[in-house]
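Heads up: the protein sequence lines correspond to chains A and U, in order. Every letter in the first sequence is one number past the one before it in this note's numbering, and letter 176, counting from 1, is 176. Every letter in the second sequence is one number past the one before it in this note's numbering, and letter 21, counting from 1, is 21.
No lab work stands behind these hints, which were simulated from the structure alone. One thing to keep in mind: the hints can contain errors.
Listed next, the stretches of chain U that the computed footprint assigns to chain A, with coverage defined by at least 3 CB atoms under 8 Å from CB atoms of chain A [unchecked claim]: (1) 32–39; (2) 150–163.
Calculated from the model, a selection of chain A residues having no Cβ within reach of chain U, i.e. all distances over 12 Å [said to hold, decoys possible]: (3) 82; (4) 190; (5) 191.
Even for Gly, the Cβ is constructed at its ideal location relative to N, Cα and C.
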Amino acid sequence: MDNNHLITTENLTKRFPMGQTELTALNNINLTIRKGEFIGLVGPSGSGKTTLLNILGTLDSPTEGSAVVLGNNTAELSHKNSAKLRNLQIGFIFQTFNLLPVYTVYENVEFPLLLQKLGKSQRHDMVVDALKWVGLADRAKSKPAQLSGGQCQRVAIARAIVKKPALVLADEPTANLDAKNSHHILKTMETLNKELGTTFIFATHDEKVIGYLKRQITLDDGQIANDQVLKG
Amino acid sequence: MLAFKLALRNLFGAGLRTWLTVIVLSFSYVIIIFQQGMLDGWNKQARRDMMHWELGGGQYWHTAYDPYDFFTIEDGRGPLAPELQSRVDQGQATDVLISQASIYPDGRLMSVLLKGIDPNQTILDMPTAPLVENITEIPALIGRRMAEAAKLRKGDVVTVRWRDANGTFDATEIKIVEVMKTNVGSIDMGQLWLPKSRLESMLGVENMTTYLVLKRGSNATDTVNGWVYRDHAYLMKELTEMIKMKSVGGSIMFLVLLALAWLAIFDTQVLSIFRRRKEIGTMIALGMTRQRVVRIFTLEGAMHGILAAAVAALYGAPLFIWMARSGWAMPEMTDDMGMAIAERIYPSYSLGLIAMTTAIVMLSVIVVSFIPARNITTFNPTDAIKGKTS
Chain A
1 MDNNHLITTE NLTKRFPMGQ TELTALNNIN LTIRKGEFIG LVGPSGSGKT TLLNILGTLD
61 SPTEGSAVVL GNNTAELSHK NSAKLRNLQI GFIFQTFNLL PVYTVYENVE FPLLLQKLGK
121 SQRHDMVVDA LKWVGLADRA KSKPAQLSGG QCQRVAIARA IVKKPALVLA DEPTANLDAK
181 NSHHILKTME TLNKELGTTF IFATHDEKVI GYLKRQITLD DGQIANDQVL KG
Chain U
1 MLAFKLALRN LFGAGLRTWL TVIVLSFSYV IIIFQQGMLD GWNKQARRDM MHWELGGGQY
61 WHTAYDPYDF FTIEDGRGPL APELQSRVDQ GQATDVLISQ ASIYPDGRLM SVLLKGIDPN
121 QTILDMPTAP LVENITEIPA LIGRRMAEAA KLRKGDVVTV RWRDANGTFD ATEIKIVEVM
181 KTNVGSIDMG QLWLPKSRLE SMLGVENMTT YLVLKRGSNA TDTVNGWVYR DHAYLMKELT
241 EMIKMKSVGG SIMFLVLLAL AWLAIFDTQV LSIFRRRKEI GTMIALGMTR QRVVRIFTLE
301 GAMHGILAAA VAALYGAPLF IWMARSGWAM PEMTDDMGMA IAERIYPSYS LGLIAMTTAI
361 VMLSVIVVSF IPARNITTFN PTDAIKGKTS
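Construct the entire structure; sequences and hints are all you get.
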């Protein structure tokens, strides 16, 4: 495998049982994603964007074909090893933020580091850095309920990047945000991509996002309809 | 350690929900300990009273004495062996002579046991001193239950009919000189306590004894020529059986209360897991294994138990101390129902009882917390992230 290849999929197919029949969510997806890319998976609802993200994030496994993520074939990973891979190498950003409600902003961002069993002072430095990147250092003690939607999503970004992962998967990160907040979030991610070299993959059908993408992969009915590089 | 830290964080983060469960659970702790303490207190009191009023430090029985066989009561008596007589002479024991008789209160016939005892004895707590009264009638001491059953009061005179050593029937008047209040039913119902010397005269015997009561703390030896030693274990066999029966009832109550605790935790866990599906999915996405999430949820449940123990200690400890000091007044009715019970029960809260109860509740809380939490292992994280159940 090319050292620059972060993700490779071959004939990746995912089917879900639907009563007596099966629904094909992904059909023979062949993809190669390199380090540092800023990719958007676009397409209408039900086109398979989230399913593809879930498989790349080792939260789901393919029915047929393979997905090799960071050198690991997702179908062969045990629960324990896929959890380890997610914890160390993959960051997630969700449409509904998915912050832990009883934790403060600081504790939410610290959570992935706790799983890595890092020392307290190291964790502190990393959390403070992450919060500075997203401009929320002054809200460290707030609870998610005290923040706006945009701020919550920024906390989610901080949580995804605090461990400096190789890959960040974002599922409709701007869907619940207004235009101003969407641009702010996308700017933040773009900066992180440039400064940290983190690979970002978005699932989106938000037109605002498309302007920021370096590469756009269009999915339609579980298949790649178009894969084009937008920015060099 | 991490699971513990996270569970603690979640627990306190849940605020009121946590405290409501904790308070319900703490009730179970307090009521279980209270109820068990009452039973223990009652048992201890019953044993103590039996020792002080009836059994002393153990008894020597005439070999032919069988308290359950009324046909041999008259045969179960004899002169004390010299070793035992010397104990009586030294004030280390008191002897009792038993005979069957009938009394006729208000013209009704009632079978009784006449028990002769030294009025000056100090071995038992029975108030035998009034038996020294020098009166024409034979002085008799009866218990409150006997007085109620025979409708006799202090000062009443009643006819007694018995058979002497030769088998001849005789009758005389006896006077109730004292009605004693005792919790020990076996020295009360169907019994009249007389001065032993008077009973011996009535029966036409001399220096005859049915059983000997040793002073508490006496060193007892085994069988002495013609006299069998009966220790507390033997003498309290029936009480022990009764306590066992009571314990079964107590255990049912214990289980009911424990079930309440289980329900509180189970309910909280099921609701918590249902409500926090999204959180569970997020934890898995962030790199937690499902087993680790199960551990956190189980620990959260278990911590309810720990917190409840602390809360229970907070209000339970002063309550228990006060109860142990002032006792719990028992209604008169309980005694009338045939249960030998003191006017006040002083609950006994031993360290063992508290530790045992805490351990049992904690252990069961852990198990009950785990049962719903283990379902997390079957969660599909992609559904859970969206708050869906798969």
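Here's how the hints hold up against the structure:
1. As drawn, the segment 32–39 of chain U meets chain A at 0 residues by the rule of a beta-carbon pair under 8 Å; below three, the given contact is violated.
2. Judged by the Cβ-Cβ criterion of 8 Å, the segment 150–163 of chain U is not covered by chain A as claimed, because only 0 of its residues qualify and three are needed.
3. For residue 82 of chain A, the condition that its CB be more than 12 Å from all CB atoms of chain U is violated, with the nearest at approximately 9 Å.
4. Annotated as non-interface, residue 190 of chain A keeps its C-beta farther than 12 Å from every C-beta of chain U; the closest such distance is 23 Å.
5. The claim that residue 191 of chain A lies off the interface holds: its Cβ sits roughly 23 Å from the closest Cβ of chain U, which is beyond the 12 Å cut-off.
Going down the numbered hints, you'll see the structure goes against 1, 2, 3, while the others check out.
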